[in-house]
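Undergrad: The chain contents come next:
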Amino acid sequence: MKDNIILRIVAKMLIPLIILFALYVQFHGDYSPGGGFQAGIIFSSALILYRLIFGLEAGDKAIPRPVLKLIASLGVLLYTGTGVAALFMGGEFLNYSVLADTPVHGQHMGIILVELGVGFTVAATMLLIFDSFAGRPLTTQDAGIEKQHD
Amino acid sequence: MIDYISSHWVSHYNYWATIVIMMIGLYTIISHTNLIKKIAGLNILQAGVFLMYISMGVVTDGTAPIAAEGFTIYSNPLPQVLMLTAIVVGVATTALAFAFVVRISETYHTVEEDELLFQDKLQSSEETEEW
Amino acid sequence: MIDIDIAINMLLLLFLIAMATTILRLRRMLAVAMILSLYSLLTAGLFMVMDAPDVAFTEAAVGSGVSTVLLLVTLTLTRTHYAKNTARLQWRPLIIVLLTGGALLYGVHDIALMGDINAPAHRHVADHYIAEARNETGVPNMVTAVLASYRSFDTLGEVVVIFAASIGVMLLLGDGRREHRDGDTP
Chain A
1 MKDNIILRIV
11 AKMLIPLIIL
21 FALYVQFHGD
31 YSPGGGFQAG
41 IIFSSALILY
51 RLIFGLEAGD
61 KAIPRPVLKL
71 IASLGVLLYT
81 GTGVAALFMG
91 GEFLNYSVLA
101 DTPVHGQHMG
111 IILVELGVGF
121 TVAATMLLIF
131 DSFAGRPLTT
141 QDAGIEKQHD
Chain B
1 MIDYISSHWV
11 SHYNYWATIV
21 IMMIGLYTII
31 SHTNLIKKIA
41 GLNILQAGVF
51 LMYISMGVVT
61 DGTAPIAAEG
71 FTIYSNPLPQ
81 VLMLTAIVVG
91 VATTALAFAF
101 VVRISETYHT
111 VEEDELLFQD
121 KLQSSEETEE
131 W
Chain C
1 MIDIDIAINM
11 LLLLFLIAMA
21 TTILRLRRML
31 AVAMILSLYS
41 LLTAGLFMVM
51 DAPDVAFTEA
61 AVGSGVSTVL
71 LLVTLTLTRT
81 HYAKNTARLQ
91 WRPLIIVLLT
101 GGALLYGVHD
111 IALMGDINAP
121 AHRHVADHYI
131 AEARNETGVP
141 NMVTAVLASY
151 RSFDTLGEVV
161 VIFAASIGVM
171 LLLGDGRREH
181 RDGDTP
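Chains as they are written, first to last, in my numbering: chain A, 1 to 150; chain B, 1 to 131; chain C, 1 to 186.
In case anyone wonders, no lab produced these hints; they're calculated from the structure.
In this text, a Cβ means the ideal position worked out from N, Cα and C, and glycines have one as well.
Incorrect hints may have been included.
[Stated by the list, open to error] Computed, partial: chain A to chain B, Cβ under 10 Å:
(1) L23
(2) F27
(3) G40
(4) I129
(5) S132
[What the hints assert, rightly or not] EDC-like, lysine to aspartate or glutamate: derived pairs with alpha carbons at most 16 Å apart:
(6) K84(C) / E130(B)
(7) K84(C) / E129(B)
(8) K69(A) / D175(C)
(9) K84(C) / E126(B)
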């Protein structure tokens, strides 16, 4: 789809906006609808759009796959790391109240960190899944095309 | 029965409708032989379950569960949290199911269940003949 | 919910039932993908009517975005254009479905009336979340507060499930690298 000028221009205009919106949903998720899950999905859909139009190689150049795998693992690590940090600072696992000077600040900080971890993992995971499907070579034999006559 | 339906239908129609949706999905899963169609049926069933949970969280005259000045009645946030995570987990597991379907079609060159079973039977009978 | 909400709700549910029936009967898989995408979008609208903006958000992004793309990629990879014709009614599945649906309908008539604020579901922990979430966590969005703080063990499990699913997909399909594409796939 690289050669279609309308698709290319519209995608170039839309992708930054989608990414910006994803960041808004991620970091404003505690005041308005949103959060890590939604932001991750929106972020990954922007990059999937990029891959659909400019090809997998271009997408791989934008964020290399080892980096994606690292981000996916980093999200889970950030989530559990927040829990373990709370454990070491005198609370229970994932009890954020001890993370900052007052319990409310601690809770707020913990929620933001955990949502960030969720966003990382969801975004990278969806991209990895899409790449695995899209990078698969086509088989030569047709499965369903002759079935239309029966 | 008529009395029951007329007295309950405004408050329960959501549950009845979601059950109908869930059953259409279940019928799609069982009756079709195409594996991708089965997964589509699974998605329908899943959406029915989501709708049912969210219906349980609705409160009359309530608003979305985001604290704001001037509102005291909010809908129940708990079912919403459960369904929010379930949707994202649902797409990840659906992707896993699609991956299995792709591998099956690469090996058997079909995604129809009856043809898969037929090929399996053919292969096992050939093996026993060789023995 | 006010009356217009109830009307929209009923209309959307009828549309959903119609779409689900269409998906059941359609043989052309591309059309199935498109209608499934639209089905997710309508579900998102229904969530919005039922005061669940967070869920509507997620369903709109996931259902009509990512999962449609995945379905289309799968259709391309398996080269499936038509499903086998199963237009005739099959009795054994129908009996199973009717029994299950009957049991569910029987069970549902005990459920508290929809929207009743005194239902047990709203009087257990939800009260505490609604009254205290803002004071205890400093986050006005109760869904985020419950998701990330009160029930963070649950969310941790979900995140690990997503991570594990992606590892599973990569194990099954390879990790999409170009140098693996032409060569050694069985």
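Undergrad: Give a verdict on every hint.
TA: Against the structure, the hints come out as follows:
no. : hint             : result
1   : L23              : violated (18 Å)
2   : F27              : violated (16 Å)
3   : G40              : holds (8 Å)
4   : I129             : holds (5 Å)
5   : S132             : holds (7 Å)
6   : K84(C) / E130(B) : violated (33 Å)
7   : K84(C) / E129(B) : violated (31 Å)
8   : K69(A) / D175(C) : holds (10 Å)
9   : K84(C) / E126(B) : violated (27 Å)
Of the numbered hints given earlier, the model fails hints 1, 2, 6, 7, 9; all others are met.
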